[in-house]
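S.K.: Spelled out from the first residue to the last, the chains are:
2 protein chains.
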Amino acid sequence: MRTAAGETALGLLLTRYSVSAKHLTEPGPSDDDIWTMALAALRAPDRSKLVPFRFAVARGEGLQRLAALFEGYARRKGKPAEEVQRDRERATQAPVAIAVIARIDPANPEVPAHEQWACVGGAISNALTALHFMGYAAKVVSGARAADPAIEGAYCGENEQLVGWIVAGTPKGPVKPRGEFDPAAILKQF
Amino acid sequence: MRTAAGETALGLLLTRYSVSAKHLTEPGPSDDDIWTMALAALRAPDRSKLVPFRFAVARGEGLQRLAALFEGYARRKGKPAEEVQRDRERATQAPVAIAVIARIDPANPEVPAHEQWACVGGAISNALTALHFMGYAAKVVSGARAADPAIEGAYCGENEQLVGWIVAGTPKGPVKPRGEFDPAAILKQF
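Same order as they appear, the protein sequences are chains Z and E. Here the first sequence is numbered in our numbering, starting from 481 and rising by one per residue. Here the second sequence is numbered in our numbering, starting from 481 and rising by one per residue.
Just to be clear, a hint being listed does not mean it is correct.
Identical chains blur together in the list; that is why a pair holds if it fits in one copy or across any two.
Result set (DSBU-like, lysine-lysine): computed pairs, CA atoms no more than 30 angstroms apart in a straight line [what the hints assert, rightly or not]:
| id | residue 1 | residue 2 |
| --- | --- | --- |
| 1 | 529 | 557 |
| 2 | 619 | 559 |
| 3 | 656 | 529 |
| 4 | 656 | 559 |
| 5 | 557 | 502 |
| 6 | 529 | 619 |
Honestly, the hints are just simulated from the structure, not real lab data.
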């Protein structure tokens, strides 16, 4: 049954757009907000309740440690000093950087690895949705840095993998809707 | 900034629980509702906009075709007649069964396969959330049937993989909250 509350929620869900760190500013989500974000992540479908993910929250000094890791990465890649500095600053642009760490058990007899990854993705998407509902904007940042052994090693224990970071804060200006993909292209009758 | 609309949406997001097909009845989501569900799925984070998923919607005759597939599977597994019948009925319990088909490109130079799977999972979770916001209940059904070559072959083309089905409908009774996992176990500071 359609309800006014449901329609309100649906309207917000359909207008969540990712916002890059450079367009984010203080305030970022508080520890209480991030707790709520984690509750939402835990509502993603998760067969056998494996909870194949966890979060590591950096703000303040944590962001400085992340900046040092990004700087080290840029140096090892032989980037010029100017780019090293830019990479360093990239880590501290958003008020909060929440690392997403996957804990996939490829030997699980019940739940294949691809379903565990789908659960990680559901958790990330629910986390972004919850942050949006709390008035923040956010984006998932991944790529080569997340796969760098030194950076991954700073976050992960055995059998863990760094997926990337949810960078979050308050958008500096109006959030731009992105061109939509046509649902007709992904919907058919069986 | 916290808003009344955001708090309403957050309250609904945190109270989405999966409901099994046997507890679902008519009405199921209409074609318009499923269109909205697909829009929500397309709002999951998706680096490089690969859209590595699509949906195939079964109701009515489609569910009968699915029942025949489940029956064939049970027979091939050598199940006794009674179980074959039960498996057949399992396909038609919910008003709608929306197959989720993944289209993962493991050779994509930008986005590794695990991130594409995370996008599929984000799409699924957003789809469930949207159905919940529209007043329906749903659950992801996967397991051995989704991996069966005959069933997968009925849904998938080349380089596609059947993830499972989102079964959806109206809950027959009040939806039971599930025991929560403690966010403290998945949250730490970096």
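S.K.: Going back to the hint list, which numbers does this structure go against?
M.R.: 4
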